[in-house]
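Trainee: One-letter residues, chain by chain:
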Amino acid sequence: MQRAVKKITVSSKSRSLKLAVVVADFNEEITKGLLKGALKAIHDSGLERKQVRVYHVAGSFEVAELAMRLAKTKRLEAIVCLGAIIKGETTHDQHLASAVTHGLMQIGLDTGVAIGLGVITANNMVQARARCGADKYNRGYAAVVAAILLATQKI
Amino acid sequence: MQRAVKKITVSSKSRSLKLAVVVADFNEEITKGLLKGALKAIHDSGLERKQVRVYHVAGSFEVAELAMRLAKTKRLEAIVCLGAIIKGETTHDQHLASAVTHGLMQIGLDTGVAIGLGVITANNMVQARARCGADKYNRGYAAVVAAILLATQKI
Amino acid sequence: MQRAVKKITVSSKSRSLKLAVVVADFNEEITKGLLKGALKAIHDSGLERKQVRVYHVAGSFEVAELAMRLAKTKRLEAIVCLGAIIKGETTHDQHLASAVTHGLMQIGLDTGVAIGLGVITANNMVQARARCGADKYNRGYAAVVAAILLATQKI
Amino acid sequence: MQRAVKKITVSSKSRSLKLAVVVADFNEEITKGLLKGALKAIHDSGLERKQVRVYHVAGSFEVAELAMRLAKTKRLEAIVCLGAIIKGETTHDQHLASAVTHGLMQIGLDTGVAIGLGVITANNMVQARARCGADKYNRGYAAVVAAILLATQKI
Amino acid sequence: MQRAVKKITVSSKSRSLKLAVVVADFNEEITKGLLKGALKAIHDSGLERKQVRVYHVAGSFEVAELAMRLAKTKRLEAIVCLGAIIKGETTHDQHLASAVTHGLMQIGLDTGVAIGLGVITANNMVQARARCGADKYNRGYAAVVAAILLATQKI
Numbered sequence: 061m062q063r064a065v066k067k068i069t070v071s072s073k074s075r076s077l078k079l080a081v082v083v084a085d086f087n088e089e090i091t092k093g094l095l096k097g098a099l100k101a102i103h104d105s106g107l108e109r110k111q112v113r114v115y116h117v118a119g120s121f122e123v124a125e126l127a128m129r130l131a132k133t134k135r136l137e138a139i140v141c142l143g144a145i146i147k148g149e150t151t152h153d154q155h156l157a158s159a160v161t162h163g164l165m166q167i168g169l170d171t172g173v174a175i176g177l178g179v180i181t182a183n184n185m186v187q188a189r190a191r192c193g194a195d196k197y198n199r200g201y202a203a204v205v206a207a208i209l210l211a212t213q214k215i
Numbered sequence: 061m062q063r064a065v066k067k068i069t070v071s072s073k074s075r076s077l078k079l080a081v082v083v084a085d086f087n088e089e090i091t092k093g094l095l096k097g098a099l100k101a102i103h104d105s106g107l108e109r110k111q112v113r114v115y116h117v118a119g120s121f122e123v124a125e126l127a128m129r130l131a132k133t134k135r136l137e138a139i140v141c142l143g144a145i146i147k148g149e150t151t152h153d154q155h156l157a158s159a160v161t162h163g164l165m166q167i168g169l170d171t172g173v174a175i176g177l178g179v180i181t182a183n184n185m186v187q188a189r190a191r192c193g194a195d196k197y198n199r200g201y202a203a204v205v206a207a208i209l210l211a212t213q214k215i
Numbered sequence: 061m062q063r064a065v066k067k068i069t070v071s072s073k074s075r076s077l078k079l080a081v082v083v084a085d086f087n088e089e090i091t092k093g094l095l096k097g098a099l100k101a102i103h104d105s106g107l108e109r110k111q112v113r114v115y116h117v118a119g120s121f122e123v124a125e126l127a128m129r130l131a132k133t134k135r136l137e138a139i140v141c142l143g144a145i146i147k148g149e150t151t152h153d154q155h156l157a158s159a160v161t162h163g164l165m166q167i168g169l170d171t172g173v174a175i176g177l178g179v180i181t182a183n184n185m186v187q188a189r190a191r192c193g194a195d196k197y198n199r200g201y202a203a204v205v206a207a208i209l210l211a212t213q214k215i
Numbered sequence: 061m062q063r064a065v066k067k068i069t070v071s072s073k074s075r076s077l078k079l080a081v082v083v084a085d086f087n088e089e090i091t092k093g094l095l096k097g098a099l100k101a102i103h104d105s106g107l108e109r110k111q112v113r114v115y116h117v118a119g120s121f122e123v124a125e126l127a128m129r130l131a132k133t134k135r136l137e138a139i140v141c142l143g144a145i146i147k148g149e150t151t152h153d154q155h156l157a158s159a160v161t162h163g164l165m166q167i168g169l170d171t172g173v174a175i176g177l178g179v180i181t182a183n184n185m186v187q188a189r190a191r192c193g194a195d196k197y198n199r200g201y202a203a204v205v206a207a208i209l210l211a212t213q214k215i
Numbered sequence: 061m062q063r064a065v066k067k068i069t070v071s072s073k074s075r076s077l078k079l080a081v082v083v084a085d086f087n088e089e090i091t092k093g094l095l096k097g098a099l100k101a102i103h104d105s106g107l108e109r110k111q112v113r114v115y116h117v118a119g120s121f122e123v124a125e126l127a128m129r130l131a132k133t134k135r136l137e138a139i140v141c142l143g144a145i146i147k148g149e150t151t152h153d154q155h156l157a158s159a160v161t162h163g164l165m166q167i168g169l170d171t172g173v174a175i176g177l178g179v180i181t182a183n184n185m186v187q188a189r190a191r192c193g194a195d196k197y198n199r200g201y202a203a204v205v206a207a208i209l210l211a212t213q214k215i
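Residue numbers (this note's numbering), protein chains in the order written: chain Y, 61 to 215; chain U, 61 to 215; chain W, 61 to 215; chain E, 61 to 215; chain L, 61 to 215.
These are calculated hints, taken from the structure and not from any lab test.
As the structure is a prediction and not an experimental result, all values here were calculated from the model.
Using N, Cα and C, we set each Cβ at its ideal position, and we do this for glycine too.
Some clues are possibly wrong.
[Said to hold, decoys possible] A short, non-exhaustive set of chain E residues, derived as facing chain W with CB atoms under 8 Å:
no., residue
1, His162
2, Met165
3, Ile175
4, Leu209
[Stated by the list, open to error] Okay, derived cross-link-like pairs now, DSSO-like style, lysine-lysine, Cα gap no bigger than 27 Å in a straight line:
no., chain 1, residue 1, chain 2, residue 2
5, E, Lys134, L, Lys134
6, Y, Lys78, Y, Lys132
7, L, Lys96, Y, Lys214
8, U, Lys196, Y, Lys132
9, W, Lys132, E, Lys132
10, Y, Lys214, L, Lys214
11, L, Lys132, Y, Lys214
12, U, Lys110, U, Lys214
13, W, Lys110, E, Lys214
14, U, Lys132, W, Lys214
15, Y, Lys147, U, Lys110
16, Y, Lys147, Y, Lys96
17, Y, Lys100, Y, Lys110
18, L, Lys100, Y, Lys214
19, U, Lys96, U, Lys78
20, W, Lys147, U, Lys147
21, U, Lys134, Y, Lys132
22, U, Lys196, U, Lys100
23, W, Lys147, U, Lys92
24, L, Lys132, Y, Lys132
25, L, Lys134, E, Lys132
26, E, Lys92, W, Lys132
27, W, Lys134, U, Lys134
28, E, Lys214, E, Lys134
29, U, Lys196, Y, Lys92
30, Y, Lys147, L, Lys147
31, U, Lys132, U, Lys110
32, U, Lys92, U, Lys214
33, W, Lys134, E, Lys132
34, E, Lys134, W, Lys134
35, L, Lys110, L, Lys92
36, U, Lys78, U, Lys100
37, L, Lys134, L, Lys100
38, E, Lys78, L, Lys214
Given these sequences and hints, build the entire structure.
Mentor: Right under this line is the structure:
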């Protein structure tokens, strides 16, 4: 991952990049960690804080809804989507995770804005915590790297 | 959740918000509780009753169908969708829950209207009851809060 | 369910309603029962037979295909879709049921025509028979009621 | 099934029908059987060979891709899709089967061309062989019958 | 497979074919093997290296996103998509694989560009390695063959 970030840092294209982060407050313990990781990746990539706006929504379903609204403004090159869907007693989490993942994919395909997939689907809090900590497994960090690489990819 | 509601209450933007609630009558014991929770959240958010219209349909499949029709009128900023899909003997509930969740996502992405996901998918009535009672786990309440926050989010 | 039907009967809006029933002939023992239930619900709702046309197709996949063609004619307010997908040795039934349920949802969302979901997904013939008999559990009956209520819903 | 075919034979509408068959070469032992069944059904339906074109692609994923290209030409009333997805060690087959079934559904809904679903999803070769033999369980045969009935259905 | 490639080699249509390969760097050990297989298939098919461009993205989600952007340029006849989704502790891989497979299907259906499905979904590294080696089971190789055949298919 570090190598990937290095590539981003040297790219002059990322200097003008406009990026949004949409984060769900549900399972806040986890999503705060994802957001921290995302902001660290943004910093490591050499983006300035003013290139970035952070939006808070209630849950992962709303992350996708807001991401689409943001994508349609055509003001952004990348939107990083952060949320935490934890398995509960019912199958709710599976339907939600499916709809959100497919929904985020659709936003990317329909609008061309680079969507960073930082929505965790975990079976329990232990798994979720392992994906939002201060190390290289932070999926918020990875989602930012992926989205910046994609947004700055020349085709 | 209370904090979230507080944020809504102070927002002047929610004063002019037009919101619809679409509720399925199937598994009425559950969906009545969801509706009660939703109306409480609307009240707690400082919305007046005249800003809100409630629509009844047969089941969760029809909730999505009507929500799309309402969303296309462009008269509304938010639509809260309430239903209860309980696991039965067959896989019907899983296909229905998948289609409804993806369908509600599509409405949000296509129209930009804030969709509140208040459709319960539960394995049994005990689980369903635990999600429609007079406490903070009422998913109708949560869906209203999520939808109002999303609808009043400045981007 | 009876209450729901009563509401339909008194509605003057349903008097001019144009409704189609699309029924799959595959698993004919079951779908004949569904059709019977659907026609009974149509009768109970006070619709006249001339307001209704019945179409036969081979299987549930084709039900969705024809329903979309019918919906696009804009001559109809409601289309009731009847079929029976029974679990076999393979996973064919699950993929089919998923595609059909999502497909019918898409028709409703895209066209605004009220779609009645009367496609059974059952693990065996016993379960299927229990959903197409001459009682209140007939899903063809329920699908008609749901579709008429939806189609006559003022928004 | 025989009755259904008889109905097709007498229909004068099928005389001018243009139909394509798209067949995957992957798991050729199975798909050759499906194609044989499909061609028999075409013959039994009274269609002449010149009304039909057969296209070969690599696998079931490509069947859907080519079927959409063909459907968009607007030269065809029906496209019969033949493939064999057999369960392997991984979940690849499930994701593929899901995407192909939903994809074929989408083609039918978007274009109005009658799509015959002749893609087998089987857990093993025994199950696959049982669905492509010289008997009434040949799914290629059934897919042709279903597609012709649908394409010639007056609405 | 060899036979299929032979057919491609003789086709004069593939001489002017423009093809892109999009490869995910995540699980690089596997995707490097897929890329090697893909480039070998391109060579075996008689395409010259200048007819082909290779793009690197972070993961399989981004493969689909970039493939859509490339497809919309209308400069390409085929896009081969390479990635490796390996089962982890959570259900993340299943949702990702579902969204990616459906997403790649949608690109093919929407744009008409031939999409080669070379995204592996494996339960473990052993299964993944078995699908990216220097033999006929390399899915990168197979995806190129499938895509070229499809792109050069006259309809």
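Trainee: Take the hints in turn and mark each one as holding or not.
Mentor: Verification of the hints:
{"no.": "1", "hint": "His162", "result": "holds (5 Å)"}
{"no.": "2", "hint": "Met165", "result": "holds (4 Å)"}
{"no.": "3", "hint": "Ile175", "result": "holds (6 Å)"}
{"no.": "4", "hint": "Leu209", "result": "holds (5 Å)"}
{"no.": "5", "hint": "Lys134/E with Lys134/L", "result": "holds (21 Å)"}
{"no.": "6", "hint": "Lys78/Y with Lys132/Y", "result": "holds (14 Å)"}
{"no.": "7", "hint": "Lys96/L with Lys214/Y", "result": "holds (22 Å)"}
{"no.": "8", "hint": "Lys196/U with Lys132/Y", "result": "violated (34 Å)"}
{"no.": "9", "hint": "Lys132/W with Lys132/E", "result": "holds (17 Å)"}
{"no.": "10", "hint": "Lys214/Y with Lys214/L", "result": "violated (31 Å)"}
{"no.": "11", "hint": "Lys132/L with Lys214/Y", "result": "holds (14 Å)"}
{"no.": "12", "hint": "Lys110/U with Lys214/U", "result": "holds (23 Å)"}
{"no.": "13", "hint": "Lys110/W with Lys214/E", "result": "holds (17 Å)"}
{"no.": "14", "hint": "Lys132/U with Lys214/W", "result": "holds (14 Å)"}
{"no.": "15", "hint": "Lys147/Y with Lys110/U", "result": "violated (38 Å)"}
{"no.": "16", "hint": "Lys147/Y with Lys96/Y", "result": "holds (23 Å)"}
{"no.": "17", "hint": "Lys100/Y with Lys110/Y", "result": "holds (14 Å)"}
{"no.": "18", "hint": "Lys100/L with Lys214/Y", "result": "holds (25 Å)"}
{"no.": "19", "hint": "Lys96/U with Lys78/U", "result": "holds (19 Å)"}
{"no.": "20", "hint": "Lys147/W with Lys147/U", "result": "holds (17 Å)"}
{"no.": "21", "hint": "Lys134/U with Lys132/Y", "result": "holds (17 Å)"}
{"no.": "22", "hint": "Lys196/U with Lys100/U", "result": "holds (11 Å)"}
{"no.": "23", "hint": "Lys147/W with Lys92/U", "result": "violated (34 Å)"}
{"no.": "24", "hint": "Lys132/L with Lys132/Y", "result": "holds (17 Å)"}
{"no.": "25", "hint": "Lys134/L with Lys132/E", "result": "holds (17 Å)"}
{"no.": "26", "hint": "Lys92/E with Lys132/W", "result": "violated (36 Å)"}
{"no.": "27", "hint": "Lys134/W with Lys134/U", "result": "holds (21 Å)"}
{"no.": "28", "hint": "Lys214/E with Lys134/E", "result": "holds (18 Å)"}
{"no.": "29", "hint": "Lys196/U with Lys92/Y", "result": "holds (22 Å)"}
{"no.": "30", "hint": "Lys147/Y with Lys147/L", "result": "holds (17 Å)"}
{"no.": "31", "hint": "Lys132/U with Lys110/U", "result": "holds (20 Å)"}
{"no.": "32", "hint": "Lys92/U with Lys214/U", "result": "violated (32 Å)"}
{"no.": "33", "hint": "Lys134/W with Lys132/E", "result": "holds (22 Å)"}
{"no.": "34", "hint": "Lys134/E with Lys134/W", "result": "holds (21 Å)"}
{"no.": "35", "hint": "Lys110/L with Lys92/L", "result": "holds (20 Å)"}
{"no.": "36", "hint": "Lys78/U with Lys100/U", "result": "holds (16 Å)"}
{"no.": "37", "hint": "Lys134/L with Lys100/L", "result": "holds (25 Å)"}
{"no.": "38", "hint": "Lys78/E with Lys214/L", "result": "holds (17 Å)"}
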